[in-house]
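Chain by chain, the residues run as shown.
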Amino acid sequence: MSIWIHEESKVLIQGITGKQGTFHGTKMDEYNTNVVGGVTPGKGGQFVELPNKKVPVFNTVSEGLDETGADVSLIYVPARFAAAAIIEAADAFQEKGGGLIVCITEGIPILDMIKAVARVDQCPEVRLIGPNCPGIITPGDVGGCKAGIMPGFIHAKGRIGIVSKSGTLTYEAVAQTMSVGEGQSTCVGIGGDPVNGTGFIDCLDAFENDPQTVAVVMIGEIGGSAEEEAADWVAKNMTKPIVGFVAGSTAPPGKRMGHAGAIISGGKGTAAEKFKAFENAGIYVARDPSEIGNVLVRALKDAGLR
Amino acid sequence: MNIHEYQGKILFKQAGVKVQDGVHCKTIDDALNAYDSLDSKVVAVKSQIHAGGRGKGSLYDQETDNLVMEGGVKIAFSRDEVEQYARNIIGRKLVTKQTGSSGKIVNNLYVEAGCSIAHEYYLALLVDREAKTILIMASTEGGMDIEEVAEKTPEAIHKIWTHPVDGLNEKDALEMADKLGLDGHSKQDLVSMLESLSRMFIEKDCSMIEINPLVKSDSGDMIALDAKVSFDDNASFRHPWMEEMRDYSEEEEVEIRAHDHGLSYVKLDGNIGCLVNGAGLAMASMDVIKLYGGEPANFLDIGGGATKESITTAFGIILEDENVEGILVNIFGGIIQCDMVARSVIEASNELGLQVPLVVRFSGTNHVEGKEVLDHCDLDVHTSSTLAEAAEKIVNLTRGEE
Chain A
1 MSIWIHEESK
11 VLIQGITGKQ
21 GTFHGTKMDE
31 YNTNVVGGVT
41 PGKGGQFVEL
51 PNKKVPVFNT
61 VSEGLDETGA
71 DVSLIYVPAR
81 FAAAAIIEAA
91 DAFQEKGGGL
101 IVCITEGIPI
111 LDMIKAVARV
121 DQCPEVRLIG
131 PNCPGIITPG
141 DVGGCKAGIM
151 PGFIHAKGRI
161 GIVSKSGTLT
171 YEAVAQTMSV
181 GEGQSTCVGI
191 GGDPVNGTGF
201 IDCLDAFEND
211 PQTVAVVMIG
221 EIGGSAEEEA
231 ADWVAKNMTK
241 PIVGFVAGST
251 APPGKRMGHA
261 GAIISGGKGT
271 AAEKFKAFEN
281 AGIYVARDPS
291 EIGNVLVRAL
301 KDAGLR
Chain B
1 MNIHEYQGKI
11 LFKQAGVKVQ
21 DGVHCKTIDD
31 ALNAYDSLDS
41 KVVAVKSQIH
51 AGGRGKGSLY
61 DQETDNLVME
71 GGVKIAFSRD
81 EVEQYARNII
91 GRKLVTKQTG
101 SSGKIVNNLY
111 VEAGCSIAHE
121 YYLALLVDRE
131 AKTILIMAST
141 EGGMDIEEVA
151 EKTPEAIHKI
161 WTHPVDGLNE
171 KDALEMADKL
181 GLDGHSKQDL
191 VSMLESLSRM
201 FIEKDCSMIE
211 INPLVKSDSG
221 DMIALDAKVS
231 FDDNASFRHP
241 WMEEMRDYSE
251 EEEVEIRAHD
261 HGLSYVKLDG
271 NIGCLVNGAG
281 LAMASMDVIK
291 LYGGEPANFL
301 DIGGGATKES
311 ITTAFGIILE
321 DENVEGILVN
331 IFGGIIQCDM
341 VARSVIEASN
351 ELGLQVPLVV
361 RFSGTNHVEG
371 KEVLDHCDLD
381 VHTSSTLAEA
391 AEKIVNLTRG
401 EE
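So the sequence lines, in the order shown, correspond to chains A and B. For the first sequence, the working numbering begins at 1 and goes up steadily by one. For the second sequence, the working numbering begins at 1 and goes up steadily by one.
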């Protein structure tokens, strides 16, 4: 098993005819991901040429789901239209029995996201990952299911779950697991925006219940209190070992570090507080991302898994 | 994006929030004319900068750094006092709790009609990331440092949340008025103010509105004596007027230039320049430099769409900083290809005449090719395969150790 997506998941791409959509659709197809089609309003009936196949374009998500039976919709729609794309996908999935929405788009207005997340929350069978995230990947035996922009080749199928707010830092965590001979069950980038869909706790809960996953690497960053809340949840509910890192120990208060959500304000959301919460919850802490591999080995040994 | 108090009050007025009459001034003459035009014996003379704590701030002479006046917001009881205060404020450096020791030059002044104050309150609207909607926060402890109130007496801060789709519920607004101990027309005033502000928050894509103090006048009117408003930059495409309200002199020139090239840059106080792809990895790179005993000179995320041009700009920005004694490039190639970064780094270094040590760490897409490009160039560049090793190397090199 894995969480939320598996090797056979069928992926629809909203915005497939755009530059980003076509580029990443190609990369996904190269990684053996089952891309079944795309959606671009007004371009229904066209086809997009991917390396291994030609996929149809639909005018609406609903039509795309009817024709392809997709269970994942991946959004590469420009920021000003992205929230509407999320809402469209949520409505369509809710009607057809559920599904996963992954929104890669960066720079969506926060008030748009408040509305989009409120809609997704009304659809119990629908999950949203992102926005402003690298996506989600479940490595398989040959390639795998890659619903996002991460480089597929750095991954390998394995037993470590990874969840992170940051993109390239997720890749760093993947490389760290590989450096100690461990592969990944599923890697989820939840994104660095202040208002988003899936959070740390959703991911940890899913990893806890996933038989393939034996341990989790969790990467947070400054801002908000999601890490503290996750740590609280871990202390009460998690039996599998977790290795944690928080980026931004050196960030000054009041300065936004790239991500809209990565800001220490009113003395809250510092890395020191988050590391402390991790430690109090029994999470194995790596102070340096280059240490994640070694700390993971220690955690696995303590649990009798190595 | 932040705006000045005087601009915030224009928006408040449009939204139907009660404010005192006031005039935006750039010169001492403006201030005197403003005093003459306002039908008020007592006026507030207020420094306009994009930072809080103005009232308790101190004004210094730009050249001599001598203290000119305590307090960036003054109550003037005569025309002479207006002149004196305006003279002490315009063109001076205002240092507040929020500006840091370098302070900010005051180029704008607001002269506002005085107001009788029966009580001061605090009011703010902001996005609550956990509740995923707009939070309205108010307290009877107005005029104070609200962070201190939150820490010492959190029960003195009252909170209500708007509905993500339906907006503010009147019942919640009435409850807030009760919690603040308001009655009669003050209560009605507050409810209508909360309605106006939540509407404005959504219509203008605000990220924060803060009023400290919000006052109850002797006659029971609820008046916004302050206005701190900021907007969501991501929504600027639907608000062309934002550009007109933007005061570039309040922002760091280099951060604007970086932004225009798709870079995200924040200047810090250390000596090791960083060039990284991804915000999280950029922060982590800074953290690791610090772990090895160095100090990062900046946060710099070149983003996923970096090109040769943007990397050259990024290099230029790092090298402009006189404190920089070494540069760490940390790239985990995903969409970005390490060999493209390698060629851009070489070109930028040659173009800009690189004089400080450079350590490059490549991983991910085309990292082998990237390293090869660097190994075969004339540049004195050190390569590493892990972040820790690279950080340690650049820290040692800036200390003159190999």
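None of these hints come from the bench; they were simulated from the model. Small disclaimer: the values here were computed from a predicted structure and weren't measured. In this text, a Cβ means the ideal position worked out from N, Cα and C, and glycines have one as well. Mixed in with the good hints, there may be bad ones.
Footprint (simulated), chain B over chain A, 3 or more residues, beta carbon under 8 Å [what the hints assert, rightly or not]:
no., region
1, 128-140
2, 288-294
Pairs of lysine to aspartate or glutamate, EDC-like flavour, derived with a Cα cap of 20 Å [what the hints assert, rightly or not]:
no., chain 1, residue 1, chain 2, residue 2
3, B, K97, B, D166
4, A, K255, B, D166
5, A, K115, B, D166
6, B, K56, B, E70
7, A, K10, B, E148
8, A, K255, B, E70
9, A, K115, B, D128
10, A, K276, A, D210
11, A, K10, A, E63
12, B, K267, B, E243
13, B, K290, A, E229
These are the hints, each one checked on the structure:
1. 128-140: This one is violated; 1 residues, fewer than the three required, reach chain B with a Cβ under 8 Å.
2. 288-294: Satisfied; 4 residues make the cut.
3. B:K97 x B:D166: With a Cα-Cα distance of about 38 Å, the restraint between B:K97 and B:D166 is violated, given a limit of 20 Å.
4. A:K255 x B:D166: 32 Å, violated
5. A:K115 x B:D166: At roughly 10 Å apart (the allowed maximum being 20 Å), B:D166 and A:K115 satisfy the hint.
6. B:K56 x B:E70: 7 Å, holds
7. A:K10 x B:E148: Outside the cut-off at roughly 52 Å; violated.
8. A:K255 x B:E70: Between A:K255 and B:E70 the Cα gap is close to 27 Å, so the pair fails against 20 Å, i.e. violated.
9. A:K115 x B:D128: 13 Å, holds
10. A:K276 x A:D210: Roughly 27 Å between the alpha carbons, so the hint for A:K276 and A:D210 is violated.
11. A:K10 x A:E63: 15 Å, holds
12. B:K267 x B:E243: With Cα atoms ~24 Å apart, B:K267 and B:E243 exceed 20 Å; violated.
13. B:K290 x A:E229: 27 Å, violated
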